[in-house]
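Starting from two chains that each stand alone, build the complex the way the hints lay out.
Heads up: the protein sequence lines correspond to chains Y and B, in order.
My numbering puts the first residue of the first sequence at 15, with every later residue one more than the last.
My numbering puts the first residue of the second sequence at 24, with every later residue one more than the last.
Please note that a few of the clues may not be correct.
Covered stretches of chain B, going by a simulated chain Y footprint (3 or more residues, C-beta under 8 Å) [as the list claims (entries may be wrong)]: (1) 39-53; (2) 169-180.
Quick look at which bits of chain B chain Y covers, simulated, 3 or more residues with Cβ under 8 Å [stated by the list, open to error]: (3) 58-72; (4) 145-158.
It is worth saying that the hints were derived from the structure and are not from the lab.
We put the beta carbon where it would ideally sit given N, CA and C, even for glycine.
The primary structure of each chain is shown beneath.
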Amino acid sequence: MIDPVALWTVIILLGAGSFALRFVFLGLIGDTPLPPWVLRHLRYTAVAVLPGLVAPLVIWPEATGGELDAPRMAAAVVTLGIGLWARNVVLSICLGAATLYGGLYLLG
Amino acid sequence: MATETTKSIFWRGVRDGAPFILVIVPFSTLFGVVATEAGLSVLETLTMSVLVIAGAAQFTAVELLRNDVPTVIALVSALAVNLRMAMYSASLTPYLGEATLGQRAWAAYFLVDQTYACSVLKYEQNPDWSIGQRLTYFFAVAVPICPLWYLFTVLGALIGNSMPEGLALDFAIPITFLALIAPMLRTRAHLAAAFVSVVTALLLNGLVYNLGLLVAGILGMMAGAQVELIDSRRAEREGGA
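Excised from the complex, chain B in its bound form (with noise of 0.2 Å):
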């Protein structure tokens, strides 16, 4: 088919982000489970899923909250965690920035790590789409995703309430955060940043308020700007030479 029709952008859409269920269904579960295994009703955890929609920030303002951390630290830190939404909002921009602000708006809202990736893969492959077919695809990829992003935070946290006492979910949350973190390390300039990291807040594990690991987050985020450029650099010598 030489032109692609919008109903058609639409399904490969929804089709692209039906893989994602499978990770989406058990982390929202889980999330549920944790949230109210800390102390939320299933209307806190269904609201923070609702608002937030963003796993990991998630999972870090319950554990913080959890353990009596001063509210303004534990809000911090779970935004730190977002702050790649920021990125990706900037990369969204030269292709979706002709819509309208309502439209824009909505997709800002539905602006997660998996409609991001597999839209600005499209958008560079097809760049002939028009707004609206970006648009569509865009919103065609949340549809498998968001929806069950809620309900199954309602089931996991009606599981949660029903789930007897001393199944070691202490360590739900620690499980979670490294099987999330080991992918993420694809470069030198990602382990440069975790290393710093763990060290950072190690070290300064009994600072009051928590405040090691805003330390530890900003210096790990230095160590992987600053590997990431030593590197680059190095390519291009490499490259050149």
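Bound conformation, chain Y alone (with noise of 0.2 Å):
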């Protein structure tokens, strides 16, 4: 269970975080150029973050308290291949789903 201080907390903080990301240069900063080192770091910023986060969860899944496993593995690999190829979000989560359900019923 969250504890709703930590929640709220977050809620309150990433809210007003997220409005000063997109408000900074707009409204405070105005017309001044970024350096383009400080462009060059912001535009991998999602694609650094989010693979990091996943990793370790599709490795060590906690459902099955951290054993590899093999619906959850399979449907890693088909998301992420989906996405790939077809670039399309909805249609690899999808497909990733009906991977890890068929898995599930047919091994588990």
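Below, the structure written as structure tokens:
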């Protein structure tokens, strides 16, 4: 169970922080161009954080107590493969979920 | 038509935003389900969607909180996912900088991947648009997107509350993230960032306070920026030869 104080702290500060990130140039700094090296790093933030978050969840799934799990691994591979091939977020979620439940049904 | 009316620009914005409904509806529903499964109430889930309006950051925050990660780490990691918003903000400033402070504040609130992508494209194509027309287009793109984001978060939360246990929803977050990441891997630089991030996160998995993720994010960013620099220099050399 998530601690309510921690939860509301994150909800409010994440909201305020996200707004600050969106407002910082539009509202405060204005038309001063960013140094190219800063822009170059900002371009890769999402693609640098999300894979690091997801990798341990795939390799050591908590539902199996950290044991490598065939249906979950297959679902991850299918989701990533379809996403790379079709570049379609919703399609890859659907086929990944189908693989997961198909695998759990067959092997479970 | 030689000149576009503000009204026609508004409807063009709504039309350009409309296809994203197909992404927004399932994605916000899924967030509602996952958040309530993690223990959030409907009100908490909706508040998060209204205050944050950024799916990947919301999923990140819920996943980390669920795992009892310290509050500050959950917050910093979710904000790191949203750092790209600062880049959007910088990139739109030349076009929207002359708007009033209130207009810019509202534009900042509605600055999401979809409004940014549509607007920056149209602003480049239509350099003669007035500031009023630019704002009209920007907010018009948000019209079919943001209200549905809130609405389907609530629907997802209600579904999540009435869902039976044991549906393997533990894996909804990894699947969602993988589906989000794959289309981002457009260049060698993006691949390098993702690869370094994965390797670092796996090696540092045991680190206290989930600090491994922050280190992975920083190293991944540096890897992406470095590969981009190398590749652009090589392209320059080959172009000049």
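Hints, verified against the model:
no. : hint    : in the structure
1   : 39-53   : holds (count 5)
2   : 169-180 : violated (count 0)
3   : 58-72   : holds (count 6)
4   : 145-158 : violated (count 0)
Hint check: violations occur at hints 2 and 4; the rest are consistent with the structure.
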